[in-house]
Amino acid sequence: EADIYQTPRYLVIGTGKKITLECSQTMGHDKMYWYQQDPGMELHLIHYSYGVNSTEKGDLSSESTVSRIRTEHFPLTLESARPSHTSQYLCASSESPSTDTQYFGPGTRLTVL
Amino acid sequence: KQEVTQIPAALSVPEGENLVLNCSFTDSAIYNLQWFRQDPGKGLTSLLLIQSSQREQTSGRLNASLDKSSGRSTLYIAASQPGDSATYLCAVKASGTYKYIFGTGTRLKVLA
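So the sequences go chain by chain: A and B. Quick note, the first sequence lines up with residues 1 to 113 if you use the working numbering. Quick note, the second sequence lines up with residues 1 to 112 if you use the working numbering.
It should be emphasised that the hints constitute simulated quantities derived from the structure, not laboratory data. In this text, a Cβ means the ideal position worked out from N, Cα and C, and glycines have one as well. Any given hint could be a false lead.
[What the hints assert, rightly or not] Partner residues aside, some chain A positions facing chain B, computed with beta carbon under 10 Å: (1) I4; (2) Y33; (3) Y103.
Go ahead and model the full structure; you've got the sequences and the hints to work with.
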């Protein structure tokens, strides 16, 4: 059983608000990921971290930012939320270098009005 | 550019049937392939991971095969149960990258 947590699980906010989606894992994994998934669609990588203070943007253009100050914590921030940000956000981690099995959190479903 | 396709998009079967889910990818230079299960509104659960050097992996009633040369993987589910109802996704990781490319999934419904 993987230990990766996301809060909040559901969030409804108004346009223009700043929000931070939290993701934490207790497995000591180096690699962490943020994906965006719309209903019935594939997952798109929006941010990746391969260790503390090391982050990269993914393929999907995103107005969000991330930080990795501690191994276990990988928060995602939207400075000014818009309705186009409405989606499900999934956080994942994987151990490096011996295995690439990805462990996912339960997700945050974000609705921006 | 790697593309991952899963067919069919949806599948309904009676309980007890054996079934096969398909995943195809356009670039055979992959590092590994993973199969995941996703329940509605939830995150993904890793089912099986196949390294590029492997042909198949088994876990309980699940068996995943990989044919890199033809760009295909299958997930075989034996003796399906209503609890197997979920969306099944495959994802491939290219050699030399950290990124996984996901398919859109197959929504499976097993009828009691």
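Supplied contact hint for I4 of chain A, tested at 10 Å Cβ to chain B
At about 8 Å, which falls below the 10 Å cut-off, the nearest Cβ of chain B leaves the hint on I4 of chain A intact, so it holds.
Could you check if Y33 of chain A really has its C-beta closer than 10 Å to a C-beta on chain B?
With Cβ-Cβ at 8 Å, under 10 Å, it holds.
Is the interface hint for Y103 of chain A satisfied, with its Cβ closer than 10 Å to some Cβ of chain B?
Because about 7 Å separates Y103 of chain A from the closest Cβ in chain B, which is inside the 10 Å limit, the hint holds.
Violated hints: none; the structure is consistent with every hint.
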